[in-house]
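A.B. asks: Chain residues, written in single-letter form:
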Amino acid sequence: MTVTVNGEATELAEDATVEHVLARHLGPGRAGSGVAVALNGEVVSRTEWSARRLRHHDRLEVLAARGGG
Amino acid sequence: MTGSRCSPQGEGADIDDPLVIAGVSYSSRLIMGTGGAPNLDALEKALVASGAELATVALRRVSPAARGSVLDVLERTGCRLLPNTAGCFTARDAVTTAQLAREAFSTDWIKLEVIADEHTLLPEAVELLDAAEKLVDDGFSVLAYTNDDPVLALRLEAVGCAAVMPLGSPIGSGMGILNPFNLSLIVDRLSVPVILDAGVGTASDAAIAMELGCDAVLAASAVTRAREPATMAEAVRKAVEAGRLARRAGRIPRRLYAEPSTTFEDLPDLKSGPQQD
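Heads up: the sequence lines are chains A and B, in that order. Heads up: the first sequence is residues 1 to 69, going by my numbering. Heads up: the second sequence is residues 1 to 277, going by my numbering.
In case anyone wonders, no lab produced these hints; they're calculated from the structure. Backbone N, C-alpha and C fix where the C-beta goes; we use that ideal spot for every residue, glycine too. Incorrect hints may have been included.
As the list claims (entries may be wrong) - Which chain B residues stay away from chain A? Per the calculated CB distances, all over 12 Å, these:
hint: 1; residue: 24
hint: 2; residue: 60
hint: 3; residue: 69
hint: 4; residue: 87
hint: 5; residue: 111
hint: 6; residue: 124
hint: 7; residue: 130
hint: 8; residue: 145
hint: 9; residue: 159
hint: 10; residue: 241
hint: 11; residue: 248
hint: 12; residue: 250
hint: 13; residue: 257
hint: 14; residue: 261
hint: 15; residue: 262
As the list claims (entries may be wrong) - Pairwise CB distance ranges, derived in the manner of DEER restraints:
hint: 16; chain 1: B; residue 1: 27; chain 2: A; residue 2: 13; range: 50 to 56 Å
hint: 17; chain 1: A; residue 1: 15; chain 2: B; residue 2: 160; range: 22 to 28 Å
hint: 18; chain 1: B; residue 1: 75; chain 2: A; residue 2: 26; range: 46 to 52 Å
hint: 19; chain 1: A; residue 1: 8; chain 2: B; residue 2: 138; range: 46 to 52 Å
hint: 20; chain 1: A; residue 1: 26; chain 2: B; residue 2: 251; range: 50 to 56 Å
hint: 21; chain 1: A; residue 1: 45; chain 2: B; residue 2: 188; range: 39 to 45 Å
hint: 22; chain 1: A; residue 1: 41; chain 2: B; residue 2: 227; range: 48 to 54 Å
hint: 23; chain 1: A; residue 1: 57; chain 2: B; residue 2: 188; range: 51 to 57 Å
Unchecked claim - To spell it out: a stretch of chain B is covered by chain A in this simulated footprint if at least three of its residues, at any positions, have a beta carbon under 8 Å from a beta carbon of chain A; those stretches are:
hint: 24; stretch: 186-194
hint: 25; stretch: 212-222
hint: 26; stretch: 263-272
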C-alpha cells in the first residue's frame, strides 16, 4: 500500500503500523520524546503508535522541534 | 524586620521581582525565539548571553539527516521550552499543532499564533480567539500572540489565556513599537502578564516595551539575525533589565516647558560694579 509520509509517497507492507514508519523514517532509537505524529490531520498519541495500523492513501506527518519564534 | 513581603518599590525588590506566568516564576524577563539563527552553535551562545529561561520552538517535519537538535541546545542552556503554532492560519490547525506539541514535548504550555497571511504575518483575530478558547478548555496554558488591540487583548484574557503577547510591529520587521498608546492601554487594563512579542529591532525597543509596563519581552530575529547574535542578546537582556527598573522607579512626566532642577532661590547678584546707595 502507499502512504504519504511527510509529503512523500511511501510503499509499506500491508500490516504496517505508525511505529514501523517511525523506525524506518527516524532510524532506531530516535522515535522517542520530541516527536509527534499526525495521521490524516489527527494526533496519534505515543501510546497508540505500536497498535495503530495504516491504510492505503493515509497521510502521515512526523514532526519534531525546529528553531522558531 | 517583620518578614512580610516588600512592596514593589520597597527594600529588596531588586532581587525579588519575578515574572510569573501560569504559576511559574522566572527571574529573567526576556524570552527568546530560536528561529533565524545561522546555526545551532550561534543560537546556543546567544541563549546563554540572553539569560533567558524560556525559549520558543516550532514543530516541523523531521529531516532524518538533521544533525543536532534545538532541543539539545535548550537542554544544555537550561531553557524551558515553549512550543509555538507558527505557520497556522486557522483555529483548527493551531489546536492540532498545540496538541502535537504536547505529545512531542510533554508540556501543556503553548505560544498560540494564528496568522492571517504570509506577507504581514499579522494575527487572524477571529481564528485566534476561537483557538485560544478551545485550547484553554483542553487544559493548555495559552500565551497568545495578538495585535496591539486592547479590546482583543481583553477578550483573550477573558477566555483564560495565561499571558497576552501583543506585537510592537510585524514579526521580523524590526520596526519597534508602532503604537505605544495601545500598548499602554493593554498593560493598564489586563491582569495577566503582557509580553511584547514581535517588532523588536534593537535593544532600545525592548527597553521602551518594559518602560511602558510590559511584564516581559520576546526577541527572536532581533537577536538571531543580528551580525553578532550573542552580543545583541546581551544588549537586549540589559535593555529589558534597565526598562524594568525604569518602570518601577517611576518616570517624570513629560512637560512642554523646562522645569529647573536647580532652584532660582539664593541666586548671587553678579551685576558689575559696587553697590549703589
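A.B. asks: Are any of the numbered hints broken by this structure? If so, which, sorted upward?
C.D. replies: 2, 3, 4, 5, 8, 17, 18, 19, 22, 24, 26
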